[in-house]
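Take a look at the letters that make up each chain.
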Amino acid sequence: MKRALRYIIFYTALFGLWTLLAKLKIWPPYLFPAPWTVAEALYNGFQDHTYWIAIRVSMQRVLIGYGISVVLGMILGLGVASNKFLEETMGGLLVSLQSLPSICWWPLALLWFGLNQNAILFVVIMGSLLSVTLAMEDGRKQMPKIFGQAGRNLGAKGFKLFWYVLLPASLPFIVSGLKQGWAFAWRSLITAEMLYLSLGLGQVLMMGRDLNDMSAVIAVMLLIIAIGYIVDGVVFKGMERHLHNKWGLAPAA
Amino acid sequence: MSTNAQTVRRQYPIPVEPLPSPGLKRGPVSVGHFDGERGHITSKVGLSDICLSYRTRTGERLLALDHINLQVRAGEFLCIVGPSGCGKSTLLHLIAGLHAQSSGQILVDGKPVQGPGTDRILIFQDHGLFPWLTVGENVEFGMKMKGICKSERKEKVEHYLRLVHLAKFEKSYIHQLSGGMRQRVAIARALATEPDVLLMDEPFAALDAQTRDLLHDELERIWSETGRTIIFVTHNVREAVRLGDRVVLLTFRPGRIKSEFPVELPRPRSLEDPEVALAARAVLDELREETNRSLEAEYKSGLKPSIPPGASE
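Chains as they are written, first to last, in my numbering: chain H, 334 to 586; chain A, 720 to 1032.
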């Protein structure tokens, strides 16, 4: 109850400050829109289906891209974790590649795939693949050895060993990496969409700039934040809670 | 030479004074039985000249197991004792097929061991149960891997959970159980794959004394009900004498078989039986030398002289 109160106070203050600054008209309204203009832009955007379409297109892309990242990243991470040669060579490369913003792949992607959906997907995959791979590698190493041994002992091998033992055993150790991978995928997607006419949320955001409509820009920014937050807070938090209950670990802070 | 479990013979098989005595067998003794009619060895598990060496982090080769020769009869309850670092756990891992020996051969039913198989199930000291599965799903796991159909699995899960008195906990998760209950689930999980040989790696070492007593009784009962062959590793000599038909003592690094002690006490036994204490004393006297060597090595190196189970990799 106290926590709810703190939230209410904080957001009321933030909202009040915004309203006040807008009311004072220090900047012209088209540069610094008031909260209600943003709310109006949101309403209109949903009314004429622009936002619905943009959300659907963007979500579809991020799910495909992130899905590919997770599958590839798990295979790669498992390979790196279980092979000394790969660990020594590719492990270092992966870490150094992580310092590269994924949008740097954009020029290459354009030339390789052309101006289309695949180029965007490529950037999304490159954005999240590394976090997933590193998380999987780390998770595989942190996972107690005994699970693999017990699994093999009970007759699991090959794919069955991976699917029924190694994957569920490493989940608590990779879930934060998966979450980070999702955040990177989402950011890479929006960045890539902003650079190319593409129907997604990124493009709608840029459209607001082209029309000098800051209320639309802020509205889309809020949407991007909201979707990122919901996936993080609902999907991943739920997954973490589920794992903690099953494993009997202390709840995540 | 009948050291059968069920032979009820009230006698002290191991005289305490003087040592050594005719009742004691010293050194590696082969106990393989020749079956005259079929003409082959009837031992369930046969180890011949097992050696295991591995490279330590500093690059030197360390001999962990040195020419282990051991025959285990079908239905026998064999206990292996030794100081920490003697490679007794590693030996179980080799029989389980989780690691490969450097030389020598392990035969189970006359066939060489090549990798893990559900005819030999290992029960770990820290149980190795899967925390993401319920108790029932854990017990079911080995059967699922074997491809046994669902209705049969369900039936067997119920049967084996009843056997370890945990039928009510089928839907619980592992972390909700006490240490003793976890170890009983591990036993049920192992039995559910219907292995011929149960390999137990200090399964009760982490439990409190009362729980351990109960589990000793329960294990003895399950063993006599199911007729499995059990190879039980422990550092607790009393436990070994209380449970085993035979106790094998390993030396400290390299692990060699130092002595074998047949235990011909009537069952059911109890840790408090004076006969058990008496027999344990004889084993302890020999073990003490090895423990001292183990401790000495510990003081010298400043490190715990243990051989990790994964050392051979």
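Don't read these hints as lab results, they were simulated from the structure. Take the hints with a grain of salt, since some may be wrong.
Straight line, CA to CA, 27 Å or less: simulated DSS-like cross-link-like pairs of lysine-lysine [unchecked claim]:
1) H:Lys-490 / A:Lys-890
2) A:Lys-887 / H:Lys-490
3) A:Lys-890 / H:Lys-478
Computed, partial: chain A to chain H, Cβ under 10 Å [said to hold, decoys possible]:
4) Gly-816
5) Val-832
6) Pro-835
7) Phe-843
8) Pro-850
9) Phe-860
10) Ile-893
11) Gln-895
12) Leu-918
13) Leu-933
14) Arg-957
Every value quoted in this text rests on a predicted model; they were computed, and no experiment measured them. Beta carbons: idealized from backbone N, C-alpha and C, even for Gly.
Which of the listed hints are broken here?
Violated hints (numbers, rising): 2, 5, 13 and 14; every other hint is consistent with the structure.
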